[in-house]
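The task is simple: from the sequences and hints, build the whole structure.
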Amino acid sequence: IPLPISAFFFPRTLQRRRYYFIMSLPYTESCPSIKNILILDSEGKRMAIKYYSDDWPTNSAKEAFEKAVFTNTQKTNARIEEIAMFESNIVVYKFAQDLHFFVTGGEDENELILATVLQGFFDAVGILLRGNVDQKEALENLDLILLCLDEIVDGGIVLETDANVIAGKVASGSMDAGASLSEQTFTQAFASAKELTRSLLK
Amino acid sequence: MAQPFVKKDDDRDDEGVLSISGIEKGAVLQEARVFNDPQLDARRCSQVITKLLYLLNQGETFTKVEATEVFFAVTKLFQSKDIGLRRMVYLIIKELSPSADEVIIVTSSLMKDMNSKTDMYRANAIRVLCRITDGTLLTQIERYLKQAIVDKNPVVASAALVSGIHLLQTTPEIVKRWSNEVQEAVQSRAALVQFHALALLHQIRQNDRLAVSKLVTSLTRGSIRSPLAQCLLIRYTSQVIRESGSNNQTGDRPFYDFLEGCLRHKSEMVIFEAARAITELNGVTSRELTPAITVLQLFLSSSKPVLRFAAVRTLNKVAMTHPMAVTNCNIDMESLISDQNRSIATLAITTLLKTGNESSVDRLMKQITNFMSDIADEFKIVVVEAIRSLCLKFPLKYRALMNFLSNILREEGGFDYKKAIVDSIVILIRDIPDAKESGLHHLCEFIEDCEFTYLSTQILHFLGIEGPKTSDPSKYIRYIYNRVHLENATVRASAVSTLAKFGAVVDSLKPRIFVLLRRCLFDSDDEVRDRATLYLNTLGGDGSIVETENDVKDFLFGSLDIPLVNLETSLKNYNLLTLTLFPRRLNLRTLTEKKATGKKTTGLGAPPSGPPSTADAYEGLLSSIPEFADFGKLFKSSAPVELTEAETEYAVNVVKHIFDRHVVFQYNCTNTIPEQLLENVTTFLAFEKPEGLPMVGKLSNTLKFIVKEVDPTTGEAEDDGVEDEYQLEDLEVVAADYVLKVGVSNFRNAWDSMGPDCERVDEYGLGPRESLSEAVNAVINLLGLQPCEGTEVVPPNSRSHTCLLSGVFIGNVKVLVRLSFGIDGPKEVAMKLSVKSEDATVSDAIHEIVASG
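Line by line, the protein sequences are chains A and B.
Here the numbering used here is used: position 129 in the first sequence is 293, and no number is missing along the way.
Here the numbering used here is used: position 822 in the second sequence is 802, and no number is missing along the way.
No lab work stands behind these hints: they were computed from the structure.
It is possible that some hints are incorrect.
[Said to hold, decoys possible] With a cut-off of at most 30 Å between alpha-carbon atoms, the simulated DSBU-like pairs for lysine-lysine come out as follows: (1) B:61 to A:214; (2) B:794 to B:721; (3) B:373 to B:297; (4) A:214 to B:126; (5) A:239 to B:373; (6) B:74 to A:258; (7) B:74 to A:231; (8) B:56 to B:126; (9) B:284 to A:258; (10) A:300 to A:209; (11) B:284 to A:209; (12) A:214 to B:373; (13) B:44 to A:226.
A quick note: this is a predicted structure, and the numbers were derived from the prediction, not measured.
Structure follows, in structure tokens:
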């Protein structure tokens, strides 16, 4: 006896459920972490960038994020640390002439920690560039800026937030810094760096 | 880079100061040859490295060969004693992330630096080495790292501790041995060392609640200097509070005093962390909340945008659960509406909308109206959503809020924004009956001048459902018919449908609707004409016999009884794979095995003369059937799936046979009633499917048969039978049916030998489960893969487990699966599923098994 069979083949709907409670700790139990630090130029192009998170796996994803962040903050005149949210991330930013500094963290991150990192980075760059924080000077001293990035955050974990210490660490080893801080000894350089910070922070 | 590079000093021209303009990969790689010079020029080498880093920064990629070449050249630079150059070497090594065999080349140089007298070398060498090393090398340098953790130089100690935090992810067993040193470092006088040590110590102990609790207890007594470390301690304290359950008998929370004390810390970072932690305590009381709200309120008037943002964002969250607690801040919040930073202004507005009371609504709306014009669409959407919930909260205020929505609907705005407004109006119409007439009117006005086809059709559809039920349906007809004149074909077609709906429900309008629909018969678009014709016919407008009223309404208003998602996916597949929506049913073959049922003994208790059960036997059986002979090799046969419950009159089970291009179902029916003769039958049903691809779905089955009475005395069957039907359970074909259990001897090797390209990793929550092993077995059964290395056995009382599975997917694709299970307090099981296979789509298919199972 043939069996009448009505066959309807429909692939089942796929709904992926995501739970994070084991694989990644809730922020309340985790160490503060930085997702990226960016310096973009006046057109939003990269000066120096460092990503610590896998949220943007490809270069184009990174570029898209940078573009979004740049366009959306373009209108503001961030002389002091400003803040915004993009794609569930908190971005703190500060601009100096034609340079745009950004620090990104997750949406649950303590905003003030991010701001402290930004401030440390921004001021350290200010010290290293002897107060001339602009595109030209930054390009000329790109090595210092890259070292600065390396000294402030390691794999997303905050290494140091004190601008003087960061700048001191970068300058102590760098030949170029020695040259740019003219024939000063390190202690002198450090003192003048402190002086500079003060004037910058005013 | 667009800017021409201006050199630092003209007199240093010959030294080749870094020139960024027109940096190009090929040229830089050429320049990198200076690394090989016998007389190293440190400055020049530094510049070349900077250029290489610049290229990497710009997103340039090096091929494997290029990267290897650069890496080997860079290793030569360890000869130079120049500190600046060495720093750049460290940087480039980290960026190049060398492979394991390359790491060996630099290991000795880095280890030398780790023991150098220069602290800067030591700190950096530790960070570089830990970044690029793997577990095997780590044991060699472990001794140095332990020393470094307690080094008197804070930079060296921090470098070792931070590296420890990273290494804990990959080689936890080694890092856990450093506990004593880390504990010592927590007491360090250097602020950042304390912070890094605390973070590492907590991560080492995080699975041990008692240890975490002890750690928190000892540290909250106050030996923490660094604000960052204090923030960590606050996080760990909230964790302990959360895990220690609810309040104790006295009603006080353990450690609450510590959090409250942190509100008076000198660092704003700590104050905020503590305030936020308090607002997020489970079941926080208003007494506990008050001090936190007070400091947040102070932050609201800070001169720093970051502080205002942090405070208003936290208060916004508190307003969802404790709106009353936030009301005190309303005045400060209102002044933030005009904040320069629009994120802050939006958060302030939405908080106010949550905390506002009925009397403040009108004033608030006035303020928002001014504010709306100068914020971005994404913020406007947030505001619209807040207004919607406010309106649902205070239905009496619908007039003001509906007016506001209609005003902003008329203003400029993008699609998402307009859609949010329209959605809100629709929801208000649905939930507040009084708002219906004015809401529909606003929507009608909107479609008069709407540039978004999607929104127009949505509104027309909604009008068709709601409009006829209003007191004066006729007033909407004008708006709808205007669409037929003025819009594109899509909107015109949906206007026709809406007209038909009015005609179907409101009898008095019917003749006028017919007139309008007849005009649509001359439309330039096929769809519009077709719809008009169809509706005229259904409603009887062309003089034909009208179907019953219910049928018409069912046709016009009833929903499609096939889930649209399924239909859509099927159609997509149809396009992609040229798969027929209804796969071709190839043939049906019935083997009848007549069985004498006269003797009672053979009846009830008799074991069914079952079909062959082993794979070989199946293969033999199937290949003996001529129709299936050319189907090729049998890939897999499932275990029999029962389609009837046990102990029923007729037992039917089905075996799913998977071939490369076909699926064959083998139905085995067994009669258990001796008084009836049901010829025991085995029926085959075959479907064609795309080669090497899985096809999943559901079959509904009915057993139709003819019952013939059997004379118990003679055992003879009567000639005439009665036709009968028997509903069977549905049969599902799932992706797991396309998976074959095949073990591998060395899972680790097999896993490592497969590239990461086709690896898919995702996490799933399995919900509450009996036990971990029950969850593990459920997933193994679901996937139908072979457990390897005995990992299917979960040791008793373990809270996490890793299970390794392997198998072959149809199309002969090898699949390896690594399952990591973890169980949370209330038996919630979560799972991380990593799949590697030779084909990314297969990896996805395995995930789909879990996602849909």
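These are the hints, each one checked on the structure:
1. B:61 to A:214: Holds, because 28 Å separates the two Cα atoms, which is no more than 30 Å.
2. B:794 to B:721: Answer holds: residue 794 of chain B to residue 721 of chain B is near 10 Å, not above 30 Å.
3. B:373 to B:297: 18 Å, holds
4. A:214 to B:126: 29 Å, holds
5. A:239 to B:373: Roughly 36 Å separates the two Cα atoms, so the pair is violated.
6. B:74 to A:258: Given pair residue 74 of chain B, residue 258 of chain A holds - Cα atoms ~28 Å apart, limit 30 Å.
7. B:74 to A:231: 26 Å, holds
8. B:56 to B:126: 29 Å, holds
9. B:284 to A:258: 12 Å, holds
10. A:300 to A:209: Satisfied, since the Cα-Cα distance of roughly 14 Å is no more than 30 Å.
11. B:284 to A:209: 27 Å, holds
12. A:214 to B:373: Violated. Residue 214 of chain A to residue 373 of chain B sits at ~46 Å, over the 30 Å cutoff.
13. B:44 to A:226: Status holds; Cα separation ~22 Å.
In the structure shown, a violation is registered for the earlier hints numbered 5, 12, in ascending order.
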